[in-house]
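A.B. asks: The chain contents come next:
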Amino acid sequence: MIKYAEKADQALELPVFDKVRYDHWGLDEIQPGQGQSDQTYYAQGEEVGLEVVGQSATYLYLTNEMKKAGVLVMPIKDAKLRYPEMVDLVQGKVATADQDRLTAANELDHTTGIFVYIPSKIKVEPKIHLYLNHLVEAGDLSARVLVYMGANSSAEVLLETHTVGETASKATIVVEVMAESQSKLTFANFDDLSARTNAFINRQAVVKNQAKVDWINAAFSDGNIVSQVSSRLIGEGAASAVKVAAFTNQKQVQGFNTEVQNIGRHTIGHIYQRGVILNSSSLVFNGRGTIIKGAKGSDAQQESRVLMLSERGRGEANPLLLIDESDVTAGHAASVGQVDEQQLYYLMSRGLPEHVARRLVVRGFVGEVLAKLPDVDLQNRVIAAIERKLAYENRSL
Amino acid sequence: MKTLEIIDLHVTVEGKEILKGVNLVVNTGEIHAIMGPNGTGKSTLSQTIMGHPAYEITQGKIILDGQDLAEMSVDERARAGLFLAMQYPAEIQGITNFEFMRSAVNARRADDDQVNLMDFIKELDEKREFLSMSNEMANRYLNEGFSGGEKKRNEILQMMMIHPNIAILDEIDSGLDIDALKVVSKGVNSMRSDDFATLMITHYQRLLDYIVPDFVHVMMGGKVVKTGGPELAKRLEGEGYRALRDELGLDIALTDEDADLMV
Chain B
1 MIKYAEKADQ
11 ALELPVFDKV
21 RYDHWGLDEI
31 QPGQGQSDQT
41 YYAQGEEVGL
51 EVVGQSATYL
61 YLTNEMKKAG
71 VLVMPIKDAK
81 LRYPEMVDLV
91 QGKVATADQD
101 RLTAANELDH
111 TTGIFVYIPS
121 KIKVEPKIHL
131 YLNHLVEAGD
141 LSARVLVYMG
151 ANSSAEVLLE
161 THTVGETASK
171 ATIVVEVMAE
181 SQSKLTFANF
191 DDLSARTNAF
201 INRQAVVKNQ
211 AKVDWINAAF
221 SDGNIVSQVS
231 SRLIGEGAAS
241 AVKVAAFTNQ
251 KQVQGFNTEV
261 QNIGRHTIGH
271 IYQRGVILNS
281 SSLVFNGRGT
291 IIKGAKGSDA
301 QQESRVLMLS
311 ERGRGEANPL
321 LLIDESDVTA
331 GHAASVGQVD
341 EQQLYYLMSR
351 GLPEHVARRL
361 VVRGFVGEVL
371 AKLPDVDLQN
381 RVIAAIERKL
391 AYENRSL
Chain L
1 MKTLEIIDLH
11 VTVEGKEILK
21 GVNLVVNTGE
31 IHAIMGPNGT
41 GKSTLSQTIM
51 GHPAYEITQG
61 KIILDGQDLA
71 EMSVDERARA
81 GLFLAMQYPA
91 EIQGITNFEF
101 MRSAVNARRA
111 DDDQVNLMDF
121 IKELDEKREF
131 LSMSNEMANR
141 YLNEGFSGGE
151 KKRNEILQMM
161 MIHPNIAILD
171 EIDSGLDIDA
181 LKVVSKGVNS
191 MRSDDFATLM
201 ITHYQRLLDY
211 IVPDFVHVMM
221 GGKVVKTGGP
231 ELAKRLEGEG
241 YRALRDELGL
251 DIALTDEDAD
261 LMV
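Residue numbers (the UniProt record's numbering), protein chains in the order written: chain B, 1 to 397; chain L, 1 to 263.
Among these hints, one or two may not hold up.
[What the hints assert, rightly or not] Counterexamples of contact, computed for chain L against chain B with all Cβ distances above 10 Å:
1. 28
2. 58
3. 75
4. 79
5. 99
6. 103
7. 108
8. 126
9. 127
10. 175
11. 177
[Stated by the list, open to error] To be clear about the criterion: a stretch of chain B counts as covered by chain L if any three or more of its residues have a C-beta under 8 Å from a C-beta of chain L, and this derived list gives those stretches:
12. 131–145
13. 179–186
14. 198–210
15. 347–353
Hint data in this document are derived by calculation from the structure and do not stem from the laboratory.
Note that CB positions come from ideal geometry on N, CA and C, so glycine has one too.
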């Protein structure tokens, strides 16, 4: 696999993000760091999960029950040494190295990452809270996160990605999820990379018979980001719901490819995206639902909405449905608009000052996604992040 | 005591004059009803008092306790004691009813004196039950997917939580069945006090059986053309608006000739 990637690396094209020009961000010239740390930045008390800082694991806690059941949560380099055959069930099998130059390069050069393995029939109760911190002083970030869901297992994983340090930097993060039959996974992420970090983030899942993978993508990084979420529903009755909430501010550019492929029969793919644009930032949602020939009884729905809080910003919501089967249901809605004056008036008529009313409307706009984040403390931090970004808002609209 | 004074009010919407000299005085402790045929400016009056940006005052003024409302923003009017139960409340996805009402209550309090969460929950639960609303409504998104009746109850619930001094109820009875009408009326009646006034806008006398007004005003052609007690509403119910118009010798076309045939 490594050899293949090595060859493929330079020959492949950059991944395509329609309406986003990012070839000058230098994402194919990553110099991955090998930073070490003994500091825990985010993990709290007795929470189940793992914090990785640079290449170091600074926090790890699993319940005895989880350990006894064979649940594995560890840095990827440990997993490769101790459980190579398990790593092999996922790595390169979901985000294959032949798909684009950045994914191939990540396959080859990642220096950090996380491995999560849920054995068959194991239902993990507490959410698994993962933190991946980029130590920018040590170099760029090239990280791979692997999640294996055994047949009939279930789990909830929350991955936070933070920048530690001020230096300008680059990052590629590839997340692969292999969901075996009848497994259920909710994978939520909170991206919080710095304004000086350009990043490529690729999250992909292969979803087998009757399995379900739900993504909640809370994209709150301050830098330039191209971000992809993709579910391949290969098994009969497989399902995936993808929810995206994104804020862009200042001069930031963020492009999103959000994709569900209905391949098996009776598969269900739902995409729901909400983006807010501040200042002179730009945000592009490309939603893509693909139903292949033979995926009878499948359903592909998508709704992407962009709220423009600034006249200097640029926003797009491009829905695409590619359907090659007649016995299906599908639909899409997309809009780019401004704050609803009737909503503002209604809130103000109850005594809320205009700035509070605006904040509520904006927060409500992404509220459906925030409500799905599996951590109340994180929800509050996201709300704080929204307030911080709104503080820059141009009020002279 | 608070007083809302409407003096020779002329209002245009999108360049068209709808109100043509309305005069009205509402004091706390009083219940007023405004009746009138369709298209006569009743809702325009309520939206203008609240300060909807689409309604432009071209002449006259509205005074709340000596202060000209023209100088106050919508939220300032609300915090000064005005409330408008809207005919078509906005739906806002992503904000729960609970969060919204707490923000509305807190908007009236100092930053260092925000409402105690447990006290707020207790009051909300009591009032919600008083209005026969389900427990889950607090966690539903604001008005989203609410039925017509649920929206009306939710407007009344907000009024009861906010404790305004002067509440304008814009067709709070429209689309309600008799049970819901009784519940909504019970809510309004529970607010009756020396510190509270209501200005009800309605097409139908039926509401006034449940919320008995002190004053009934009839609007036609953008003006209040007659004021009386509850008996005036009963008379309209029997005779219709056309008879009153003809008696007063008004030259006003009733836009909806069915309006005076209501039963």
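A.B. asks: Against each hint, give a clear statement of whether it holds in the structure.
C.D. replies: Evaluated hints:
The beta carbon of residue 28(L) sits about 18 Å from the closest Cβ of chain B, which is more than 10 Å, so the claim that it is off the interface holds. Even its closest Cβ contact with chain B, about 21 Å, leaves residue 58(L) beyond 10 Å, as expected for a residue assigned away from the interface. With 10 Å as the threshold on Cβ separation, the claim that residue 75(L) sits away from chain B is violated: the shortest Cβ distance comes to roughly 4 Å. Its beta-carbon lying about 5 Å from the closest one in chain B, residue 79(L) breaks the requirement of being farther than 10 Å from that chain.
Not every beta carbon of chain B lies more than 10 Å from that of residue 99(L), the smallest distance being close to 8 Å; the non-interface claim is violated. Some Cβ of chain B comes within 10 Å of the Cβ of residue 103(L); the nearest lies about 6 Å off, and the non-interface call is violated. With 10 Å as the threshold on Cβ separation, the claim that residue 108(L) sits away from chain B is violated: the shortest Cβ distance comes to roughly 6 Å. Distance to chain B confirms residue 126(L) as a non-interface residue, since its nearest Cβ pair spans about 20 Å, more than 10 Å.
For residue 127(L), the shortest C-beta to C-beta distance to chain B comes to about 15 Å, beyond the 10 Å cut-off, and the non-interface label holds. No beta-carbon of chain B comes within 10 Å of the beta-carbon of residue 175(L); the shortest separation is about 18 Å. The non-interface label for residue 177(L) is consistent with chain B: the shortest C-beta to C-beta separation is roughly 25 Å, beyond 10 Å. Under a criterion of three residues with beta carbons nearer than 8 Å to beta carbons of chain L, the stated coverage of the segment 131–145 of chain B fails, only 0 such residues being counted.
For the segment 179–186 of chain B, the stated coverage by chain L is violated: 0 residues have a C-beta nearer than 8 Å to a C-beta of that chain, whereas at least 3 were required. Closer than 8 Å: that is the beta-carbon criterion, and the segment 198–210 of chain B has 0 residues meeting it against chain L, so the requirement of 3 is violated. For the segment 347–353 of chain B, the stated coverage by chain L holds: 7 residues have a C-beta nearer than 8 Å to a C-beta of that chain, and at least 3 were required.
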